[in-house]
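Asks: What follows is each chain in one-letter form.
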Amino acid sequence: MCNWKKLGRVFNPQEIKDIEWMKEFAQAPSVLPFDRFIRVYFSCRPLPDQNGQYVSYSGYVDFNRYNLFEILRVSKNPILTLGGVGTFDEFGTYPVSVIRRGNEVIAYYGGWTRCESVPFNVAIGMAISHDDGETFTKLGDGPLVSYCVDEPFVISGPKIRRFNDRWHLFYIAGKKWILADGKPEPIYKIRVATSNDGLNWERHGKDIIDSKVEENEAQASPDVFYHNGKYHMFFCYRYSANYRGKEKGYRIGYASSCDLKNWVRDDTKAGIDVSEEGWDSEMISYPHVFELDGDIYMFYLGNHVGRSGFGVAKLEGKWI
Amino acid sequence: MKWAKLGKIFDPTKHELPNDCFEFAQSPQTLVFDDFVRIYFSTRKRDPANQKFLSHISFVDMDKNFKNIINISTGTVIELGGLGCFDEHGIFPMNVARDNDKIYAYTCGWNRRVSVSVDTSIGLATSEDNGLTFRKIGDGPILTSSLHEPFLVGDPFVIVINRAYHMWYIYGTKWISCRGAEAQPDRVYKIGHAVSHDNRNWIKDGRQLIRDRLNPDECQALPTVIHHKGKYHMYFCYREATDFRKNSKRAYRIGYASSGDLSNWVRDDDHAGIDVSEDGWDSEMQCYPHVFRCDDRIYLLYNGNEFGRFGFGLAVLEE
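Quick mapping for you: the protein sequence lines, in order, are chains S and R. Quick note on this note's numbering: the first sequence kicks off at 4 and runs consecutively. Quick note on this note's numbering: the second sequence kicks off at 694 and runs consecutively.
By construction, these hints were calculated from the structure, which means they are not laboratory data. A portion of the hints provided could be inaccurate.
Stated by the list, open to error - In silico SDA-like links for lysine to any residue, alpha-carbon gap of 25 Å or less:
{"#": "1", "chain 1": "R", "residue 1": "745", "chain 2": "S", "residue 2": "117"}
{"#": "2", "chain 1": "R", "residue 1": "795", "chain 2": "S", "residue 2": "152"}
{"#": "3", "chain 1": "S", "residue 1": "209", "chain 2": "S", "residue 2": "167"}
{"#": "4", "chain 1": "R", "residue 1": "738", "chain 2": "S", "residue 2": "118"}
{"#": "5", "chain 1": "S", "residue 1": "9", "chain 2": "S", "residue 2": "186"}
{"#": "6", "chain 1": "S", "residue 1": "179", "chain 2": "R", "residue 2": "795"}
{"#": "7", "chain 1": "S", "residue 1": "179", "chain 2": "R", "residue 2": "817"}
{"#": "8", "chain 1": "S", "residue 1": "26", "chain 2": "R", "residue 2": "831"}
{"#": "9", "chain 1": "R", "residue 1": "795", "chain 2": "S", "residue 2": "151"}
{"#": "10", "chain 1": "S", "residue 1": "179", "chain 2": "R", "residue 2": "731"}
{"#": "11", "chain 1": "S", "residue 1": "209", "chain 2": "R", "residue 2": "840"}
{"#": "12", "chain 1": "S", "residue 1": "186", "chain 2": "R", "residue 2": "869"}
{"#": "13", "chain 1": "R", "residue 1": "922", "chain 2": "R", "residue 2": "856"}
{"#": "14", "chain 1": "S", "residue 1": "264", "chain 2": "R", "residue 2": "831"}
{"#": "15", "chain 1": "S", "residue 1": "179", "chain 2": "R", "residue 2": "910"}
{"#": "16", "chain 1": "R", "residue 1": "745", "chain 2": "S", "residue 2": "56"}
{"#": "17", "chain 1": "R", "residue 1": "897", "chain 2": "S", "residue 2": "200"}
{"#": "18", "chain 1": "R", "residue 1": "924", "chain 2": "R", "residue 2": "899"}
{"#": "19", "chain 1": "S", "residue 1": "186", "chain 2": "R", "residue 2": "740"}
{"#": "20", "chain 1": "S", "residue 1": "264", "chain 2": "S", "residue 2": "167"}
{"#": "21", "chain 1": "S", "residue 1": "179", "chain 2": "R", "residue 2": "757"}
{"#": "22", "chain 1": "S", "residue 1": "209", "chain 2": "R", "residue 2": "839"}
{"#": "23", "chain 1": "S", "residue 1": "179", "chain 2": "R", "residue 2": "893"}
{"#": "24", "chain 1": "S", "residue 1": "179", "chain 2": "R", "residue 2": "810"}
{"#": "25", "chain 1": "S", "residue 1": "79", "chain 2": "S", "residue 2": "102"}
{"#": "26", "chain 1": "R", "residue 1": "757", "chain 2": "R", "residue 2": "731"}
{"#": "27", "chain 1": "S", "residue 1": "179", "chain 2": "R", "residue 2": "762"}
{"#": "28", "chain 1": "R", "residue 1": "897", "chain 2": "S", "residue 2": "203"}
{"#": "29", "chain 1": "R", "residue 1": "897", "chain 2": "S", "residue 2": "143"}
{"#": "30", "chain 1": "S", "residue 1": "317", "chain 2": "S", "residue 2": "35"}
{"#": "31", "chain 1": "S", "residue 1": "179", "chain 2": "R", "residue 2": "805"}
{"#": "32", "chain 1": "R", "residue 1": "897", "chain 2": "S", "residue 2": "153"}
{"#": "33", "chain 1": "S", "residue 1": "249", "chain 2": "S", "residue 2": "213"}
{"#": "34", "chain 1": "R", "residue 1": "897", "chain 2": "S", "residue 2": "87"}
{"#": "35", "chain 1": "S", "residue 1": "179", "chain 2": "R", "residue 2": "807"}
{"#": "36", "chain 1": "R", "residue 1": "738", "chain 2": "R", "residue 2": "762"}
{"#": "37", "chain 1": "R", "residue 1": "745", "chain 2": "S", "residue 2": "121"}
Said to hold, decoys possible - Partial list, derived from the structure: chain S residues whose beta carbon lies under 10 Å from chain R:
{"#": "38", "residue": "87"}
{"#": "39", "residue": "153"}
{"#": "40", "residue": "297"}
In this text, a Cβ means the ideal position worked out from N, Cα and C, and glycines have one as well.
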């Protein structure tokens, strides 16, 4: 199994002053490396409105490449505007996954709208940056990957990768809304689509990770990392109901694949769990694994799905 | 084209309808049998949760002189979608098409939103019992929002030409919300076209097919297409984007376009050959046209005042 050594929390949005759209939450970290720093995109929120409802923005924090505990910069403005009235991303851009293509940086993101019978719906949008990821321009007012016959709603959690000259989009697709104590809760599973150009996607049309804790397990953040001739996926999963506390909240799972098609889940190899106490003692979620100067790290969220930020762990010893 | 009006042929308030529906018979669309014509339409019930409308599909079977009602649906023709699905709050309209021995229904499913009233997407269902009931092929849509058609994808109309499925539909271009906080935003939508070779995967043309006549905010809806005398003829309805419900001058009218190649369409409303009546059931507006062939004659079904609250009427093409 992996042996992750927790190094601690590296970013807490609640300690950031004077940014109204970044009051709390720093969710779904996604790394873009530069020569002297790494830029970490994440999604955050201003304070809720008078009805207790949030919108979600995405921004970034730059860390010293040689000291991940040194914050160099925090984005002054969101990297993406919210969509106009009636559009799929009117109420949130979360999460964001970025990748370089030549001089461009491309972002795939979940756009949030609000619904009447259920609280929200999500579809995946695409945006391009020509200034090293400072700002992004959306390709259109609508989503790039929207709902389809067997993925009826909540198309979210994009993770963009290029393997073997082919684009891979790992994402989640809603299966059903269940009622827990009369409140709708979404169940979603991990899926994948592939593309030659990053624009036109061929969905593989099946859940690629077995469910473990229950049939209605919800899975998110399918983060795939290639290492030692194998594809490793870290993701997070939770129970269908009452998941906002420790017992049924998010944990980090693991699966591996040799061909990017068939995945074998084995959470015992994840090598990371909640802490006895502290910022990640109740849940851990939204893993993102990356390599930096020969070391392998994982960013992940702690309690309340990243309300007070994310931390980093470093892989110790041999990989699995 | 010149149409002779045959008058209103169905009034939903004069019949008992399934699903506790009580008014509206909107967007009539046909499935023609040897000795009768089945006309599907969207009718409404009140949602017990909040008294808002839910649109359900029903049908009426009429003999081929369109004077006698043979049968009215007594059960659910197609179920609305489950919690959170694209068609949870209504199916309106539904286009039914034969493809060899199969019967398909292309649905426009409605789901309510918070900042705007609704979004729509297009679903597919099949029937194994000659169109009495339909089963959806999945919980989700076959055609929905995309980069440049961001919302309100609906009003499908499909015909098979040279083994390719051609769909005309509408897509939203914007919501207008500048009329004060009290008013709900109003939508703008245009007619588009998509092609499929397997009836599952659709390629959108990605362009507005029919040019605007009124202004850039003109709303165009419910395209219906028929091949006749070497040309394709499209009927649709159009209106102003705002103040269109009660103000007859801004309400739906029937528009017309024709094409020789299915790609270039020439709009020519002056030759639609039908307009609102001086008085009566279709004097304020005309909308939701459906053109079909029955025993060598071409007919036009459509709704009149109040978007078809009190039924639909029929016209026949005069050569």
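Asks: A separate judgement is required for each hint: does it hold in the structure or not?
Replies: How the hints compare with the structure:
| no. | hint | in the structure |
| --- | --- | --- |
| 1 | 745/R with 117/S | 18 Å, holds |
| 2 | 795/R with 152/S | 19 Å, holds |
| 3 | 209/S with 167/S | 21 Å, holds |
| 4 | 738/R with 118/S | 21 Å, holds |
| 5 | 9/S with 186/S | 35 Å, violated |
| 6 | 179/S with 795/R | 29 Å, violated |
| 7 | 179/S with 817/R | 19 Å, holds |
| 8 | 26/S with 831/R | 41 Å, violated |
| 9 | 795/R with 151/S | 22 Å, holds |
| 10 | 179/S with 731/R | 34 Å, violated |
| 11 | 209/S with 840/R | 24 Å, holds |
| 12 | 186/S with 869/R | 32 Å, violated |
| 13 | 922/R with 856/R | 20 Å, holds |
| 14 | 264/S with 831/R | 24 Å, holds |
| 15 | 179/S with 910/R | 37 Å, violated |
| 16 | 745/R with 56/S | 24 Å, holds |
| 17 | 897/R with 200/S | 18 Å, holds |
| 18 | 924/R with 899/R | 23 Å, holds |
| 19 | 186/S with 740/R | 19 Å, holds |
| 20 | 264/S with 167/S | 13 Å, holds |
| 21 | 179/S with 757/R | 44 Å, violated |
| 22 | 209/S with 839/R | 22 Å, holds |
| 23 | 179/S with 893/R | 22 Å, holds |
| 24 | 179/S with 810/R | 23 Å, holds |
| 25 | 79/S with 102/S | 21 Å, holds |
| 26 | 757/R with 731/R | 10 Å, holds |
| 27 | 179/S with 762/R | 41 Å, violated |
| 28 | 897/R with 203/S | 12 Å, holds |
| 29 | 897/R with 143/S | 15 Å, holds |
| 30 | 317/S with 35/S | 18 Å, holds |
| 31 | 179/S with 805/R | 17 Å, holds |
| 32 | 897/R with 153/S | 20 Å, holds |
| 33 | 249/S with 213/S | 22 Å, holds |
| 34 | 897/R with 87/S | 23 Å, holds |
| 35 | 179/S with 807/R | 20 Å, holds |
| 36 | 738/R with 762/R | 22 Å, holds |
| 37 | 745/R with 121/S | 16 Å, holds |
| 38 | 87 | 7 Å, holds |
| 39 | 153 | 5 Å, holds |
| 40 | 297 | 40 Å, violated |
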